[in-house]
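Please model the complete structure; the sequences and the hints are all you need to start from.
Taken in sequence, the protein lines are chains G and Z. So my numbering is basically just the index in the first sequence, starting at one, shifted up by 9. So my numbering is basically just the index in the second sequence, starting at one, shifted up by 9.
In case anyone wonders, no lab produced these hints; they're calculated from the structure. All C-beta atoms in this analysis are idealised placements derived from N, C-alpha and C, irrespective of residue type, glycine included. There's no promise every hint is true.
[Claimed, not checked] Label pairs and their in silico Cβ distance ranges:
#1 Z:Asp114 <-> G:Glu131: 52 to 58 Å
#2 Z:Asp46 <-> G:Lys163: 46 to 52 Å
#3 Z:Asp114 <-> G:Val134: 55 to 61 Å
#4 Z:Asp135 <-> G:Pro81: 36 to 42 Å
#5 Z:Pro81 <-> G:Lys163: 39 to 45 Å
#6 G:Thr34 <-> Z:Ser248: 40 to 46 Å
#7 Z:Gly22 <-> G:Arg30: 47 to 53 Å
[Said to hold, decoys possible] Calculated pairs, EDC-like style, for lysine to aspartate or glutamate (alpha carbon to alpha carbon, straight line, at most 16 Å):
#8 G:Lys206 <-> Z:Asp225
#9 Z:Lys130 <-> Z:Asp55
#10 Z:Lys218 <-> G:Glu133
#11 G:Lys174 <-> G:Asp82
#12 G:Lys132 <-> Z:Glu214
#13 G:Lys174 <-> Z:Glu245
#14 Z:Lys174 <-> G:Glu199
#15 G:Lys130 <-> Z:Glu214
#16 Z:Lys130 <-> G:Glu214
#17 G:Lys174 <-> Z:Asp204
#18 Z:Lys218 <-> G:Glu131
#19 Z:Lys206 <-> G:Asp225
#20 G:Lys130 <-> G:Asp55
#21 Z:Lys155 <-> Z:Glu74
#22 Z:Lys174 <-> G:Asp201
#23 G:Lys155 <-> G:Glu74
#24 G:Lys218 <-> Z:Glu133
#25 Z:Lys163 <-> Z:Asp135
#26 G:Lys174 <-> Z:Glu133
#27 Z:Lys132 <-> G:Glu202
#28 Z:Lys174 <-> Z:Asp55
#29 G:Lys174 <-> Z:Asp201
#30 Z:Lys174 <-> Z:Asp110
#31 Z:Lys91 <-> Z:Asp64
Listed below, chain by chain, are the residues.
There are 2 protein chains.
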Amino acid sequence: MNNYYSITIIGAGRVAWHLSRHLETAGHHICEIWSPDGQSAQQLADRLYEATSTDQLNFEHSEAELFLLAVPDDAIRQIATKLVLPEGTVLAHTSGSKGIDLLTDLPYVAGVFYPLQTFSKEKEVDFRQIPVLIEGETPEATQLLKDIASSLSKKVQYATSEQRKTLHLAAVFACNFTNHLLTIASNILETDELDFKLLHPLINETIQKALHLGPDLAQTGPAIRRDIGTMRAHLESLSDNPELAGIYRLLSESIMERKLQ
Amino acid sequence: MNNYYSITIIGAGRVAWHLSRHLETAGHHICEIWSPDGQSAQQLADRLYEATSTDQLNFEHSEAELFLLAVPDDAIRQIATKLVLPEGTVLAHTSGSKGIDLLTDLPYVAGVFYPLQTFSKEKEVDFRQIPVLIEGETPEATQLLKDIASSLSKKVQYATSEQRKTLHLAAVFACNFTNHLLTIASNILETDELDFKLLHPLINETIQKALHLGPDLAQTGPAIRRDIGTMRAHLESLSDNPELAGIYRLLSESIMERKLQ
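Put into structure tokens, the structure is as follows:
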């Protein structure tokens, strides 16, 4: 059921980099790549088959059936309003945290095409495993985005802008905050000349257990055991660092309460 | 440089389960396995070559050169004081958070043999990759523990009781608290009928990035970008959940400050 589409990508950053190449591999045709100065667009186009690069936002004569806005969240609106596209073209942004309403007042058909992953230019990803959340202003736009997403990934799902916001908030807890706890752990180890690598196997196993069992069942540690003695000793050893002691106390209490909704 | 030793294991829980089998595979001889009722010791002994099981703590006539106490932290002292061993035998506990001093007043040679990993009975682990932290009351005991640990793992390291306490505290942040953040994320998703599995690839990638780059360099998200607008919107959507809002605020401030020591 794969149909091949002509697609133009506005942006040449990490998301554009991965999307364009995977879209080509899936059989689609990348028409144009845009970047503000044209240079990074050129670099990306050089790695594609027939794409041309540009720093102009006038695409009146483009053949593309879909325009993907892969630019920073704060630039979406500004660039979208400067675009000149054939009327009725589908214009989708690729942001997790921005609503479709950022684009609905423009004379195009709005959409969202959000690959739920963090990308690095240096590292290949298995796109088949990446959830892609799509939303279209019209049923036809939704279907177009779904067709294209399904050619890249096994995990395509319709999600409203509201649901994407919820996902983004959850990801801040699960990823950004989690990473920060690893930084704290690494800093704690440094104070005693211990290498953070010592914790790598335990961290890996903890995460794998959380993903397999579900994190609620996988919880271990002094707080869930209500081991007051150990928690008191930990707080004592953090007594010269009120910031970390505060985080320790709040998260331990939250684990002990488990009244999350 | 592998020497083979005779070892008795006090305990038949998850740590005993993994340790005994890996010790045998490395060529050592497991003499006895003890458990309070003798039953789980029997189950474990059945899976070993020649080990006998017991519920008695008198090992006067044991051939073992090392006794490993693989029992819950709170039971170490109580069981150790009831043990009857040939005088001068090395007796090591396997706890990360307890000091060697728990055993030094007994008429044996004290030690610690701490494999830094979380074990499940159902799941095999690659013991070669698990850091083992050792500490001995005498240089000879340290050497014995080091020899045995090195026959199991590539990552053997001497660590003082103080350093192990630091490691344990760091692990609470890196593992217990991290797992709790995943629970919170999963609960947030439930409120909008979203599957936690959607976040699995992003979580995996986040952790791998943190371990490869180091978490301080890998930090992303609204707080490190000082994206006040997004943080305010997130706090607003958490306004009916003061507990989560509190955690959000504290961790975001901590990321923004980055004055961790």
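Comparing the hints with the structure gives:
1. Z:Asp114 <-> G:Glu131: 52 to 58 Å: 55 Å, holds
2. Z:Asp46 <-> G:Lys163: 46 to 52 Å: 49 Å, holds
3. Z:Asp114 <-> G:Val134: 55 to 61 Å: 56 Å, holds
4. Z:Asp135 <-> G:Pro81: 36 to 42 Å: 41 Å, holds
5. Z:Pro81 <-> G:Lys163: 39 to 45 Å: Given about 43 Å between the Cβ atoms, the range holds.
6. G:Thr34 <-> Z:Ser248: 40 to 46 Å: 44 Å, holds
7. Z:Gly22 <-> G:Arg30: 47 to 53 Å: 50 Å, holds
8. G:Lys206 <-> Z:Asp225: 14 Å, holds
9. Z:Lys130 <-> Z:Asp55: 15 Å, holds
10. Z:Lys218 <-> G:Glu133: Judged against 16 Å, a Cα distance of about 13 Å means the pair holds.
11. G:Lys174 <-> G:Asp82: 13 Å, holds
12. G:Lys132 <-> Z:Glu214: 11 Å, holds
13. G:Lys174 <-> Z:Glu245: 12 Å, holds
14. Z:Lys174 <-> G:Glu199: Status holds; Cα separation ~13 Å.
15. G:Lys130 <-> Z:Glu214: 14 Å, holds
16. Z:Lys130 <-> G:Glu214: Cα-Cα ~14 Å, so holds.
17. G:Lys174 <-> Z:Asp204: Distance ~14 Å between G:Lys174 and Z:Asp204 Cα, so the pair holds.
18. Z:Lys218 <-> G:Glu131: Holds, at roughly 12 Å.
19. Z:Lys206 <-> G:Asp225: 14 Å, holds
20. G:Lys130 <-> G:Asp55: 15 Å, holds
21. Z:Lys155 <-> Z:Glu74: 14 Å, holds
22. Z:Lys174 <-> G:Asp201: Distance ~10 Å between Z:Lys174 and G:Asp201 Cα, so the pair holds.
23. G:Lys155 <-> G:Glu74: 14 Å, holds
24. G:Lys218 <-> Z:Glu133: OK: G:Lys218 and Z:Glu133 at ~13 Å, within 16 Å.
25. Z:Lys163 <-> Z:Asp135: Holds, at about 11 Å.
26. G:Lys174 <-> Z:Glu133: 39 Å, violated
27. Z:Lys132 <-> G:Glu202: Measuring from Cα to Cα gives roughly 32 Å; hence the hint is violated.
28. Z:Lys174 <-> Z:Asp55: Distance of about 35 Å is beyond 16 Å: violated.
29. G:Lys174 <-> Z:Asp201: Cα-Cα ~10 Å, so holds.
30. Z:Lys174 <-> Z:Asp110: 13 Å, holds
31. Z:Lys91 <-> Z:Asp64: 12 Å, holds
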